[in-house]
Structure formats: C-alpha cells, structure tokens
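Asks: If you want the building blocks of each chain, they are given just below.
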Amino acid sequence: MTGDLVFYAFALLTVLSAFYVVFSRNIVHAGFGLLFTLFGVAGLYALLGADFLAVTQVIVYIGGVLVLVLFTVMMTRIPRAGSGSRGLDRFVPAGIFALMLFALLYKVIIGTTWATRAPEPAQGTTARLGAEFLTRFVFPFEFVSIVLLVAMIGAAILIREPRSQDPGAAAGDAGGDAVDKEVRS
Amino acid sequence: MNVGLEHFLTVGALLFGLGIFAVMTRRNAVGLLMGVELILNAANVNFVAFARYVEHGLDGQVVAAFVIVLAAAEAAVALAIVLAMFRNFGTVHVDAVSRLQR
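Sequence order for the protein chains is B and D.
Residues 68 to 252 in my numbering are what the first sequence spells out, letter by letter.
Residues 155 to 256 in my numbering are what the second sequence spells out, letter by letter.
Each hint should be verified, as a subset may be incorrect.
As the list claims (entries may be wrong) - Partial list, derived from the structure: chain D residues whose beta carbon lies under 10 Å from chain B:
hint, residue
1, Phe204
2, Leu224
3, Ala226
To be verified - Output of the computed footprint for chain D on chain B, the stretches with three or more beta carbons under 8 Å from beta carbons of chain D:
hint, stretch
4, 102 to 116
5, 193 to 203
To be verified - Chain D regions said to be covered by chain B (calculated; three or more residues, Cβ under 8 Å):
hint, stretch
6, 162 to 170
7, 177 to 184
8, 187 to 200
9, 242 to 252
Just so you know, the hints here were simulated from the structure itself, not pulled from any lab data.
Even for Gly, the Cβ is constructed at its ideal location relative to N, Cα and C.
With the hints as constraints, model all of the structure from the sequences given.
Replies: Written as structure tokens, this is what we have:
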C-alpha cells in the first residue's frame with residue numbers, strides 16, 4: 068500500500084536524521100539533522116490526520132525553534148573537538164541506559180493489546196481544533212498565552228546587557244576596577 | 155503488515171531513546187537542548203497516534219499543540235540562558251560552568 072510506503076519513508080527519515088543529530092560531532096551538522104527530524108515528524112502528523120499540527124510543526128519548530136538554535140550556535144564559540152572527554156566513559160553507560168529504556172518501551176508496545184479501533188476517515192481538523200480551544204480548553208489556552216508572554220520577557224531580560232542601563236552599577240564597577248589597578252600597581 | 159498504532163509508538167520510543175542518549179552524552183549546551191527537542195517530539199508523536207487510533211477525538215491533538223507552544227517558550231528561555239552563559243563564562247561547555255554567576 069502506498070500509505071504504508073509513505074509511513075516507512077517518513078519514519079526512516081525521522082529516525083536516521085535523529086541518529087545523525089545524536090552522533091554527529093559537529094553541532095552545526097546536528098542542527099541541520101534536526102531540521103530533517105522535525106520535518107519527518109511533521110509528515111507523521113499529516114499521516115495521522117493531524118493537518119493543523121503538521122503545519123504548526125513546520126512553522127513553529129522549523130521556522131522558529133530551529134532558527135533560534137542555529138542562531139545560538141552561530142553566536143557562541145563552538146568548544147574544540149578535543150576539549151572534554153568525549154570518550155567511552157560517558158558513551159557506554161548512556162548507551163546502555165538508552166538501549167534498555169528503548170527495549171522496555173518496545174516490550175510494552177508489543178506486549179500490550181491496545182484498544183484500537185479502525186480510524187475514522189481523516190478530515191480537516193483546523194476548525195474543530197479552534198472550537199475546542201475556545202470552549203473546553205479555553206483556560207489552558209489563555210494560560211499558555213500568558214506563559215509565552217512571560218517567557219518572551221524573561222528571555223529579553225536574560226540576554227540584555229546588564230551594565231549599560233544601570234549607571235550606578237557601572238560607576239561602582241569602574242571604581243572597583245580602579246581599586247584593582249591600584250592594588251596591582 | 156499494515157501500519158498501525160504500534161508502528162507510530164515504536165518511532166516515538168526510538169526518538170525518546172535517542173533524545174535521552176543526547177541529553178546524557180552531549181556536553182555542548184545547545185546539543186543538550188536538541189536532545190530535549192527530540193524527547194518532546196517523541197511524546198507528541200505518541201499523543202497524536204493515540205488520538206487517531208484509540209480515542210477518536212481531538213484531545214490528543216490539543217495536548218500536542220500545547221506541547222509545541224511550551225517547547226517554543228522553553229527553547230527561547232533556554233537559549234537566552236545559553237547566551238548569558240556564553241557571555242559570562244566564554245564557553246557553552248556545561249562541565250565548565252559549575253556556578254550560577256561569575
């Protein structure tokens with residue numbers, strides 16, 4: 068069936084690029100691998116009949132979060148490849164833990180008889196999602212908008228230059244520098 | 155074998171395991187955040203898959219939309235913290251930063 072082929076294509080794209088994100092030594096390459104992972108997940112949403120979520124995934128994750136991540140990579144100095152022990156001492160326990168976690172999850176997934184029903188034919192979800200957001204989920208919806216506002220203000224406060232806007236602190240600091248120079252000289 | 159719920163859950167489990175592995179091994183703070191994004195996406199795939207195959211409603215999709223919004227907020231604040239960390243310490247290596255201020 069073509070639907071199955073599409074699923075396997077998107078699943079392969081998602082998982083292989085996720086492997087690349089995790090195992091790539093270069094953080095820029097990992098960021099671009101994350102692009103394909105997020106795109107594959109958007110394809111899985113579309114296959115599951117969640118058209119609105121698929122588009123939201125592309126806009127918010129690929130257009131927003133990923134660009135933010137790549138900007139941060141650009142603005143920070145990449146640690147040298149040799150620095151820090153990126154050796155077996157960290158890979159082996161983490162690999163064993165992640166593998167055991169996956170094995171446990173897979174055992175549960177295979178061993179459980181899920182109460183699945185034949186899925187309904189997919190139809191557009193955007194209008195119905197909007198109705199849900201403004202009726203049953205109206206309080207979480209408003210709450211999340213406040214959370215976004217607070218996160219935006221918090222991020223702006225975190226990255227502003229602390230000295231330039233506070234002349235008292237700047238003067239105090241200059242005094243401290245002068246004292247330092249006197250002590251040194 | 156037709157593609158069913160188990161296939162989507164397996165993809166979710168794989169993404170989750172890889173995300174956990176990234177969080178445990180990456181020492182670059184940005185790489186660590188990429189692992190967190192993988193974990194959130196794994197949870198989202200599960201929510202949408204259950205909404206399609208088990209529950210037949212939109213509740214799973216609503217929760218997934220909230221997760222996407224909160225992930226965006228988390229990424230904004232976390233990357234601002236990474237930038238502040240880089241300005242104060244000159245590195246984004248999480249082992250090198252063991253204090254909360256200069």
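Asks: Would you check chain D against the stretch 193 to 203 of chain B, counting CB to CB pairs closer than 8 Å, and say if three or more residues qualify?
Replies: holds (count 4)
Asks: Does phenylalanine 204 (chain D) hold up as a contact with chain B if the rule is Cβ-Cβ below 10 Å?
Replies: holds, 9 Å
Asks: For the stretch 102 to 116 of chain B, does the count of residues with a C-beta closer than 8 Å to a C-beta of chain D reach 3?
Replies: holds (count 7)
Asks: Closer than 8 Å Cβ to Cβ for three or more residues is the test here. Does the stretch 177 to 184 of chain D pass it with chain B?
Replies: holds (count 5)
Asks: Okay, the stretch 242 to 252 of chain D and chain B, do three or more residues pass the C-beta test at under 8 Å?
Replies: holds (count 5)
Asks: Are there three or more residues in the stretch 162 to 170 of chain D whose C-beta lies closer than 8 Å to some C-beta of chain B?
Replies: holds (count 8)
Asks: Using 10 Å as the Cβ threshold, decide whether leucine 224 (chain D) counts as touching chain B.
Replies: Given a least distance of 7 Å, the restraint on leucine 224 (chain D) holds.
Asks: Checking hints one by one. Is alanine 226 (chain D) an interface residue toward chain B, by the C-beta closer than 10 Å rule?
Replies: holds, 5 Å
Asks: Check, residue by residue, whether the stretch 187 to 200 of chain D contains three or more positions whose beta-carbon lies closer than 8 Å to a beta-carbon of chain B, and give the verdict.
Replies: Holds: 8 residues of the stretch 187 to 200 of chain D have a Cβ under 8 Å from chain B.
The structure fails none of the hints (numbered hints given earlier).
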